[in-house]
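**Student:** The lines below spell out each chain.
Protein chains: 2
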Amino acid sequence: MLQVVIIGSGNVAQHLIKAFSNNAEVQLKQVFARQPKCLLHLLPADKITGSYNEIVNADIYIIAVSDDAISEVSAQLPFNNRLVVHTSGSAALEAISNQNRRGVFYPLQTFSKNKAVDFTTIPICIESEFDEDFSTLKNLGYTLTKNVYEINSAQRQALHIAAVFVNNFTNHLYSIGSNICKENAISFDILRPLISETADKINTLNPLEAQTGPAVRNDNNTIQRHLDKLNDENQKDIYTLLTKSIQKAHEQKL
Amino acid sequence: MLQVVIIGSGNVAQHLIKAFSNNAEVQLKQVFARQPKCLLHLLPADKITGSYNEIVNADIYIIAVSDDAISEVSAQLPFNNRLVVHTSGSAALEAISNQNRRGVFYPLQTFSKNKAVDFTTIPICIESEFDEDFSTLKNLGYTLTKNVYEINSAQRQALHIAAVFVNNFTNHLYSIGSNICKENAISFDILRPLISETADKINTLNPLEAQTGPAVRNDNNTIQRHLDKLNDENQKDIYTLLTKSIQKAHEQKL
Chain A
1 MLQVVIIGSG
11 NVAQHLIKAF
21 SNNAEVQLKQ
31 VFARQPKCLL
41 HLLPADKITG
51 SYNEIVNADI
61 YIIAVSDDAI
71 SEVSAQLPFN
81 NRLVVHTSGS
91 AALEAISNQN
101 RRGVFYPLQT
111 FSKNKAVDFT
121 TIPICIESEF
131 DEDFSTLKNL
141 GYTLTKNVYE
151 INSAQRQALH
161 IAAVFVNNFT
171 NHLYSIGSNI
181 CKENAISFDI
191 LRPLISETAD
201 KINTLNPLEA
211 QTGPAVRNDN
221 NTIQRHLDKL
231 NDENQKDIYT
241 LLTKSIQKAH
251 EQKL
Chain B
255 MLQVVIIGSG
265 NVAQHLIKAF
275 SNNAEVQLKQ
285 VFARQPKCLL
295 HLLPADKITG
305 SYNEIVNADI
315 YIIAVSDDAI
325 SEVSAQLPFN
335 NRLVVHTSGS
345 AALEAISNQN
355 RRGVFYPLQT
365 FSKNKAVDFT
375 TIPICIESEF
385 DEDFSTLKNL
395 GYTLTKNVYE
405 INSAQRQALH
415 IAAVFVNNFT
425 NHLYSIGSNI
435 CKENAISFDI
445 LRPLISETAD
455 KINTLNPLEA
465 QTGPAVRNDN
475 NTIQRHLDKL
485 NDENQKDIYT
495 LLTKSIQKAH
505 EQKL
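Going down the list, the protein sequences come from chains A and B. The first sequence begins at 1 in our numbering and counts up by one. The second sequence begins at 255 in our numbering and counts up by one.
Calculated from the structure, these hints are not laboratory results. Just to be clear, a hint being listed does not mean it is correct.
Now the stretches of chain B that chain A is said to cover, found in silico as 3 or more residues with beta-carbon under 8 Å [said to hold, decoys possible]:
1. 303-315
2. 358-366
3. 376-385
4. 402-415
5. 425-434
6. 443-457
7. 499-507
Quick caveat, the model's predicted, so the values are computed rather than measured. Glycine included, C-beta positions come from ideal geometry on N, C-alpha and C.
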């Protein structure tokens, strides 16, 4: 059974704590948190420590803290030559102090405090400094999901950028849609089926083929009417830039 | 039983033909198409006409043609004072020639030729020039879906703009994500669960609350790293504009 220690108490740490607590193949031995009280709703007090010196032995140490804190936290671990991984999409493997064997265990999903996630559908991207640790990380990944991918640091950074586009920026477009509805006394519920279908469609069509709307039709009358109606300059700028970008992408296709 | 004639042979027309052909409460009497052959895979030849003079009597005439053609097509109908509606999200009710009683029957969904849609989940936005026609349109809508909304022309135009943001622009962000994956030899499959979850999340959280990522965290190191890594100027511009827009939206929230 793989023995795991988690270091951190934020969103990703808490989702991993929940996932490993219910996992028959993993023993979650301990969690380190600067404020141990934050985790008492998830774990018994004797499994939480706030002191680096009390960290116990384990096969894998998972640092789930903000990117900027990875170096500092990893440098404070009072041991050497153990397998220490971070969970970041954008930090390099080298962000971890080289006193230990380094790796990455990056679950590619959007984690919110108030929404449970189903780990079995989440892709986990792994990378290891030493070949001998790769299978350990792979095994740990497979205890959570079928989707384990070997992704190097350069690929992982590209993937994180792609994730910003398809997740963060997409969610912001939902937010703009919601604001436009609110300003016009329209229920946002009307847009929900469209949002689901848009996400669903690219499972059968590639996104370039799936593109519809006035931009790809070069329907300049509609585009101009939309720009005339929008009175928020920021929304206008986004509308203009994305319309041009769609048109450019489809010119290149021809 | 409501008797319907559809005018048009494009995407929306074909999806409506399929939906009404399987509908026990509606009699699809005829379809007008400039090129009747285009519809022979959907209808028997005697139900298709290419001549305005052969159009039969019906309760509702649905013009499902491109926005620019609505005026011309509606002006050529060889009858008066019947209920004629268009299916456009952005054309005004007045785009229809005033020789007939005008209305709008706008199914808010993204229709692709190669993907079936489930009409029972699609919102239909209706509007009528005369009160007496409103219930006819409402009844027609309810034969397809539970989600029938009364939406006036100004609201419909706003809704169409909101739909461009949450559908057309979102799909384009998927396309950019897919390109970034391709350039880095990463399977786009890794992003699919994230895309689904992003769309699903806003059914339980509002989009402003659901926002995650470097922009909303004001994580300028990550933002700068991403911009340094992107080498497509257009992708850089989109990244910069949407990052600023997310930050503005969250400043306003505070």
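**Student:** If a hint holds in the structure, say so; if it doesn't, say that too.
**Tutor:** Structure-based check of all given hints:
1. 303-315: Our answer is that it is violated, as 0 residues pass the Cβ test (under 8 Å) against chain A, missing three.
2. 358-366: Holds: 5 residues of the segment 358-366 of chain B have a Cβ under 8 Å from chain A.
3. 376-385: holds (count 3)
4. 402-415: With 9 residues close enough to chain A, the hint holds.
5. 425-434: Contact hint for the segment 425-434 of chain B vs chain A: holds, 9 residues under 8 Å.
6. 443-457: holds (count 15)
7. 499-507: holds (count 4)
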